Amino acid sequence: MSVVDSPATRRPNDPGRSQQNRTPGHAAPKRRPRGSGRTPWLLALPALLLIAGLLGYPLVRMVVLSFQNMRLRELLSGRTPPWVGFDQYTRVLSDNVFWAVVGRTVAFTFVSVLISVLVGLGIALLMRRVSRGVRLFMVVAMMFVWALPQLVAAQIFRWMTDSDFGVVNYLIDLLPGVDYQNHSWFVNPWQGWSVITTLVVWAGIPFLAITLNAGLTQVPKELLEAATVDGATPWQALRNIILPILKPLIMIVTTLSVIWNFGLFTQAWVLRDGHPEPQFQTLATYSYTQAFGQSRYSLGSAIAVITVLLMLGVMIFYIRQMFRIGEVD
Amino acid sequence: MVAPAASPAAPAPASTVPLKRRRAKADDGVITVGRSRAGTILANAAGVVFSVLMLFPVYWVLNTAFKPADEVLALEPTFWPTSPTLDNFISAFKAPLFLKDMLNGVIVTLLAVAGALVVGFLGALSIARFSFYGRKAIILVVLVVQLIPFLSLLIPLFLMLQSADLTNSLIGVSITYLVLILPYTVWTLRGFISGIPRELDEAALIDGCTRAQVFWRIILPLTGPGLVATSVYGFIQAWNEFIIINTLNSPDKQNLMAWLLQNQTTRGTAWGPLMAGAIITSIPVVIFFLIIQRNIATGLTAGAVKG
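Just so you know, the sequences run in chain order Y and V. With the numbering used here, the residue at position 70 of the first sequence is 70, and numbering never jumps. With the numbering used here, the residue at position 155 of the second sequence is 155, and numbering never jumps.
Okay, chain Y solo, but in the shape it has when bound (with noise of 0.2 Å):
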């Protein structure tokens, strides 16, 4: 964050919040004013309480749910559901369709974010080449982008690629010899998956190139005025010295990347009208239409715990790089 501690206030061994190379391990001699005992707690406590209610509460209560058996009797009647032990994961594990989902979803999430991280390097790398104008355009057309809710921005690409009147069908059908004329995009899945890609990677880019482009702005420009005169090529001044100096911002927008397409769920509910067909579940929506669709709650909350699971290590590699970059101190 760019707030910046004063210098007095600053740890003795910190020389920089945002430094690689603090020293951990060493406490903080008089950082803080030490509060009176109580005080940070009783601060704390209406947020903790919230977070412990209605996140670690659910939370447990997810882990719980998936070893009984809740359907919509037990829902409607109150009544404590059946345990059944580790019966809705051996159901779920032993599912064809699951894997299918898992194997659809991390092929998505791979995909969608490579080529994501690509066009917005590539775009943040062009910001720096371009014209002021040209790159205020850029920047305003991004920023519009971004600041569509995910949920107008699917229905927009509904109606782009409506097999009747979709824009996109007459665009492609003006090409010569090509016919398009009521083509529908999610009959053949692959063709549906692009729709999809499509559209994250293009409501993703603005994030991507903007917080890229201003790490970019960070690599000190004598370093590279220093490479070319030693007759680097643009190519070898990109590997050698700016990529690794953005490194530890790329796996920080990477990560956050995986954890959100990981997670998808609008963009896919939305092309296929709240029923997306079997071809076009993702873990999020294949756990939520076995719960409210099908009301199996617990086979919901078994998948929901096998896809927080699945998450975990991208997590504490996040949370990691966190505190790495002393972001969090």
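Derived from the structure by calculation, the hints contain no laboratory data. One or more of the hints may lead you astray.
[Stated by the list, open to error] Cβ-Cβ distance ranges computed for the label pairs, FRET-style:
(1) Y:D164 with V:G39: 56 to 64 Å
(2) Y:T217 with V:L290: 14 to 22 Å
(3) Y:L312 with V:E76: 48 to 56 Å
(4) V:C209 with Y:I316: 36 to 44 Å
(5) Y:G53 with V:F93: 35 to 43 Å
Remember, it's a predicted structure, so these values are computed and weren't measured experimentally. In this text, a Cβ means the ideal position worked out from N, Cα and C, and glycines have one as well.
Go by the hints and put chain V onto chain Y.
Showing chain V alone in chain Y's frame:
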């Protein structure tokens, strides 16, 4: 091969390099490797093409919303509304539940944001200004809960609110949204508060202020801009949410986002009014977003995660 452009700081050394790219002077941090005039023209062209492509869907929703009904469903779409009309906006406003859901959305969002701001500010104060045993644990909790996909908690949340008789109520959704935006609020405000020099606190304490007075006279006023930015971001989050409210509440207790979703599926072909409704729904978000976009960019990489 390609001469580097003169750096803005130092004029080009007595040189064979002509100073023809003056605009480079005005840019900071422009990457000068591989600059050439043809390259700049090419890059500008690419930048313009990229921007136009990015804006196309935005332009298309505006174009559709201002078209008369027969033009919306034309086999050959017009790229500029020849006879622009507000009919779609009027029929969106007149559509059943539109105004009701708009009001619901405003109520739910304001309640959630106000609550998150009060609770979050106190929490932020605690971890930014005090050192105590367990502080790191609180920070870790705040960071970790942001990463839990909220959607996966929807099943137990639904069951909890159901047994507390809080489904199909604006209160239940407001509380849920409050918790949804709370971790981000704590985290961002923590940043703003720790940006206030501690000498100010100490000076005030020496001059005889009580801790409460330090809070009211120093910390709160100086966190003002941060409070605005944080609450606007919370507003956007709560305003944009539709899955939770769509699951917990019936259509007359939902917000505009859920209204849009309902109307997409029930009246699949009424694209004109739907796009008009989408524009109306997006306007507050877009305006707020453009106001605080700087904070959002830094906030996100500083450890906050979109819900």
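Checklist entry - Which numbered hints are broken by the structure, listed smallest first? => result Hint 1 is the one this structure does not satisfy, whereas the remaining hints hold.
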